[in-house]
Amino acid sequence: MVKQEEKKQEQPAVVIDHLTKKFGDFTAVDDISFTVNKGEIFGFLGANGAGKSTTIRMLCGILKPTSGRGIVGGVDISKTPEKVKTFIGYMSQKFSLYDDLTIQENLNFFAGIYGVKDRKAAVKRAVISAGLTGKEKKITGSLPVGWKQRLSLASALMHEPAILFLDEPTSGVDPITRRKFWETIRSISQKGTTVFVTTHYMLEAEYCDRLSIMRAGKVIALGTPGELKQMNHKNSLEEVFVSLVQEEAVQ
Amino acid sequence: MNRQRVKAIAKKEITHVLRDPRSLGMGLAIPVLLLVLFGYGLSLNVDNVPLAVWDQDNTTTSRNLIRDFTNSEAFQPAGVCHSQRDTEEIIQSGQATAVLVIPPDFEEKIARREPATVQLLVDGSDSNTARLSIMYADGITKNAVQTAAMSIITAYNPAMDTTWSIIPGLIAIILNVIAAMLTSLCVAREWENGTMEQLISTPMRKGEFLAGKLVPYYIIGVIDLIIAVLMALFLFGVPLNGSLLALAGVSGMFIFTTLSVGILISTAAKSQLLASQLALVITFLPGFILSGFVYDIKAMPAIVQAITKLIPATYFVSLLRTIFLKGTWGMAPVKELLFLTLFAAVVLAMTMKKLKLNLDGR
Chain A
1 MVKQEEKKQE QPAVVIDHLT KKFGDFTAVD DISFTVNKGE IFGFLGANGA GKSTTIRMLC
61 GILKPTSGRG IVGGVDISKT PEKVKTFIGY MSQKFSLYDD LTIQENLNFF AGIYGVKDRK
121 AAVKRAVISA GLTGKEKKIT GSLPVGWKQR LSLASALMHE PAILFLDEPT SGVDPITRRK
181 FWETIRSISQ KGTTVFVTTH YMLEAEYCDR LSIMRAGKVI ALGTPGELKQ MNHKNSLEEV
241 FVSLVQEEAV Q
Chain B
1 MNRQRVKAIA KKEITHVLRD PRSLGMGLAI PVLLLVLFGY GLSLNVDNVP LAVWDQDNTT
61 TSRNLIRDFT NSEAFQPAGV CHSQRDTEEI IQSGQATAVL VIPPDFEEKI ARREPATVQL
121 LVDGSDSNTA RLSIMYADGI TKNAVQTAAM SIITAYNPAM DTTWSIIPGL IAIILNVIAA
181 MLTSLCVARE WENGTMEQLI STPMRKGEFL AGKLVPYYII GVIDLIIAVL MALFLFGVPL
241 NGSLLALAGV SGMFIFTTLS VGILISTAAK SQLLASQLAL VITFLPGFIL SGFVYDIKAM
301 PAIVQAITKL IPATYFVSLL RTIFLKGTWG MAPVKELLFL TLFAAVVLAM TMKKLKLNLD
361 GR
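In order, the protein sequence lines correspond to chains A and B.
Position 105, counted from 1, in the first sequence is what the numbering used here calls 105; the numbers after and before it change by one each time, with no gaps.
Position 250, counted from 1, in the second sequence is what the numbering used here calls 250; the numbers after and before it change by one each time, with no gaps.
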């Protein structure tokens, strides 16, 4: 009995098993396999076009895998993507909320779409957590990039998802905003939410519990930031990243 | 189907429309503009045709007849002729498009109750105006002569006739185009702005998405219908001889059918521009040419007649004319309503098939 409960708790948030995505002749994600544990912040590193976004999109159920399996929260992403969508939050790389709606209208909309019970309270909470109090009536299109990103995150968190997927959430914002953003991610993670995040910034990668580095559709390294540095005999993740990616390029 | 979700989408869609003056203009102002423009412009009435007169009789009766002509809305005085040569010259110069020639024995013949004739020379280069001028002249002359000979005065005003027959069909054609245009943008816009990516990561289902999109535009379509009907009744003075309920029922179904066509186009097209242009061509051309609005379907070749039966606007044009003008409403138009319902069902089924809530195929 006890053993079963333990086993249930240990069930990983994400299991990726020989996952592959092809667009015509181009293989964007090439036979990758790894797991993400519950409650951890999992960083997904790689150069542009390495296949990070494609992987995230497959895990969110908005892109169909060509082959292989992906299990998110115990649900198969190929078989029942609509089920996956009920307990994940997704923030895409490109800002994709409604520019012509106000902050409040955007949040209200997503609260409605996610079927949140007490919408008024949920929207109020979201406004506070995003630090947008007093700005609810502002039109979203006119907001600075940093605010937009906080709003996106708040929308994705509206239904308190178990797993949060963030695709380059901090691109284009200043370092202070970025640091604040990561403080938020940390606090979300501490509440038990699994965070799966792609990034370009090596400083951010240090905040992650574990990392994977992707290149040309393949995962070429996986481990904690410490492990990766140790394995590659480097002092910083930036050096690890550059050496790994260059190594591949020479091959 | 989750009602909260449908409501959220509908509410968002209404906000889009209210906040964008262009889409609000397209939804409400364009139908009014089209109705006014076509209602007056397409009317087959002629007004103020310049009329010259060659009065060889020069009696009270002949002068009365001339006065009847120039007092009518159809004609206005444009000169006096004194010879055959004059009449030809005045038409050739364009000063007049018609010349009324009254023979010397006009009053005498009427007094003796013999058939009296007058002659109308018409510039035939604009055959439509020529034909209508003859029609009006015929009416005025008969009326005048009857008045003189038998003292029967009747109000005789042919001027409104063509407007009456055009307006109901025009309402059908305008609703046809506007309804499809309204929804033609709403799905393509989500893809074009990138907002679709966020939407499809939520548990929203296809049916909820489409229902939420259709509801607000259905409301706008009904508002358009109400405005158009009020304009028909009070601005153009078209009588509503049939029942209001029949009008509401038939129009309600037609608007839904056409909104569905628009949403299918929006789902299939990759951009808003392409979608709106497709919607315009697909609804306007068949609606205008093949629905029986302009050209008589009975006069078309058999194969074209068969095609007209597949166009929703054909049924709507004929139903609106019937309801407004004939008012013959003994039996409900079951066949037509059935066709519209079936048409909408097929179109929505195609939309469901075409709509993908993922990024594959985009």
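Please keep in mind that the hints were generated in silico from the structure rather than gathered at the bench.
Don't take every hint at face value.
Simulated pairs of lysine to any residue, SDA-like, Cα-Cα distance not exceeding 20 angstroms [claimed, not checked]:
1) Lys94(A) x Asn358(B)
2) Lys109(B) x Asn58(B)
3) Lys335(B) x Leu359(B)
4) Lys356(B) x Lys120(A)
5) Lys206(B) x Thr80(A)
6) Lys94(A) x Lys206(B)
7) Lys135(A) x Leu235(B)
8) Lys120(A) x Ser318(B)
Could you grab the alpha-carbon distance between Lys94(A) and Lys206(B) and see if it respects the 20 angstroms cut-off? 23 angstroms, violated
Regarding the pair Lys356(B) and Lys120(A), is the alpha-carbon distance no greater than 20 angstroms? The given pair, whose Cα atoms are some 31 angstroms apart, is violated under the 20 angstroms limit.
Given the hinted pair Lys120(A) and Ser318(B), is their alpha-carbon gap at most 20 angstroms? 50 angstroms, violated
Could you grab the alpha-carbon distance between Lys94(A) and Asn358(B) and see if it respects the 20 angstroms cut-off? 16 angstroms, holds
Take a quick look at whether Lys206(B) and Thr80(A) sit within 20 angstroms of each other, Cα to Cα. Since the Cα atoms of Lys206(B) and Thr80(A) sit roughly 15 angstroms apart, the hinted pair holds (cutoff 20 angstroms).
Pairwise hint evaluation, Asn58(B) against Lys109(B), where the allowed Cα distance is 20 angstroms at most: 14 angstroms, holds
Holds or violated: Lys135(A) and Leu235(B), Cα atoms, limit 20 angstroms. 47 angstroms, violated
Mind checking the alpha carbons of Lys335(B) and Leu359(B) for me, to see if they're no more than 20 angstroms apart? At roughly 41 angstroms apart (the allowed maximum being 20 angstroms), Leu359(B) and Lys335(B) break the hint.
Comparing the model with each numbered hint stated earlier shows that hints 3, 4, 6, 7, 8 do not hold.
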